[in-house]
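> Read off the chains here:
Number of protein chains: 2
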Amino acid sequence: MKVGIVGLGLMGGSLSLALKKHSKDYYFIGLDHNELHCSQALQLGLVDEICTSTEALKSCDIIFLSIPVDGIISVSQQLGPLNDRCTVIDLGSTKEKISLSIPSDIRHHFVAAHPMTGTEKFGPTAALEDLYTDKVVVLCDLEKSGVHQQNVAKKLFTDIGMNIVCMDAKEHDRHAAFISHMPHAISYSLANSVMAQEDSKSIVALAGGGFKDMSRIAKSSPNMWEDIFRQNKSNVLEAINSFQSELKKCQKMVENEEWETLNDWMREANTLHDILD
Amino acid sequence: MKVGIVGLGLMGGSLSLALKKHSKDYYFIGLDHNELHCSQALQLGLVDEICTSTEALKSCDIIFLSIPVDGIISVSQQLGPLNDRCTVIDLGSTKEKISLSIPSDIRHHFVAAHPMTGTEKFGPTAALEDLYTDKVVVLCDLEKSGVHQQNVAKKLFTDIGMNIVCMDAKEHDRHAAFISHMPHAISYSLANSVMAQEDSKSIVALAGGGFKDMSRIAKSSPNMWEDIFRQNKSNVLEAINSFQSELKKCQKMVENEEWETLNDWMREANTLHDILD
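Taken in order, these protein sequences are the chains called F and E.
Just so you know, UniProt numbering puts 170 at position 170 of the first sequence, and the rest follows in order with no gaps.
Just so you know, UniProt numbering puts 95 at position 95 of the second sequence, and the rest follows in order with no gaps.
Everything labelled a hint here was simulated from the structure, so no lab data went into it.
Among these hints, one or two may not hold up.
The list makes no distinction among identical chains, and a pair is therefore deemed to hold if it is satisfied within one copy or across any two copies.
In silico DSSO-like cross-links for lysine-lysine, where the CA-CA straight-line distance does not exceed 27 Å [stated by the list, open to error]:
(1) K252 - K154
(2) K170 - K21
(3) K233 - K135
(4) K97 - K248
(5) K212 - K121
(6) K212 - K144
(7) K21 - K58
(8) K21 - K201
(9) K20 - K154
(10) K252 - K170
(11) K135 - K212
In this text, all values refer to a predicted model and were calculated from it rather than measured experimentally.
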């Protein structure tokens, strides 16, 4: 089976490793505008071949788009026409704009997917064989995908150990804004506010596990996140607002020394872990 | 050597495990108002004996106060008089109010310490042998401690593999507000804002590593953190304000679609990891 991977970074590279682990039956063709990433991907065995245009991918059975979300929209404009059995799967963190922008004549070839996994690292050297194992993948607007394409995507994600959740793209983007995108805005803000106030020596001396965990995703790729904030602007702004109200509540309770109410509020926050753990 | 541990939770319990690993020469006497924690600590071998009042600790060579920070202040009022060679080490996350509140006749017995480590878990069953290994411990206002007590504390923290940083208590509290206390306020706010907007099913489906990391410390003990926010109120409020300005910057850039500036601002945040990694 011929698999094209557009974008040889953490997500694309890890996908190749996961598929290879499951079966020897795949042949990978990679495309990336970053030449270093192309040679690294070849060297690491993430792909068998590098191509230089989307034209060369048209013979593939499956094409993954694992690039920043604006890139997904522009590449999808150049992909058609595709052979009947071709399945294109995008792995973008936003879904509505992507789902709507795919040219209608090739829309049935596409499956809009968002694997809920990642690390703050990027590039082919960041690829991990088990990045997708036991994680959730959200498939959006699945009724717009062809039956063959739906089946290919479901089998493939199941093969690499993922749990499938279906959702419409609009709904996905609102949830993702609260549970993923806004937390990134917070982590970036935390990193910048601490660096504005604290010297490096104190940060190194005093950073415990809590701060390290909360600032980890502030290392994420600005190019990738610029696109996500742009595509999911209104939901992200709503989520930031909602977070700000909660933080203001906390601030007021500390200011007014409402310790019992603050204690109850923290106890409420504790319950998140009844859901997550 | 007889060691008293007031507070048989994560910090006190882990300290016993770390000291035991380093030497067989310690005998541990535990004190905790929580009877379950007392029996668990005995059962887990964290202490050799349980006592029921601070009176029984006065024969100890070292007394650790590993309880919430308001408790440290109230216990320290009842501890005197102490024998000449006794060293009392408090492990509170705030230092100025504690350092100032210790009765002056026993002040030289005290060493004000803040080990920059912990997990979101609590109680004796959360104790870890290597919680303190390779971590920083901040010793505050060390000139107010007796020379013997300074040496005891330094040797002991070095023995369990910690790196010592000295600082005055006022300075510590400001740094800790930015690097530890305010991030806790953010994590609690994040947990509450997401639970207010999102149903459990979506949270479980969509929570990736980033959200899990950022909400992990929202599981921390409300009683412990109520005390910390109270004792470090003004610094915490300043740190929250500073974080809010940064988040507002992010919000404005998204709102006004200043994508290039947003990209630069995220790139700035990335540099935190040149400091931390």
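> Let me make sure I understand: some of the numbered hints might not hold for this structure. Which ones are they, in numerical order?
Those not satisfied are hints 1, 2, 6, 8.
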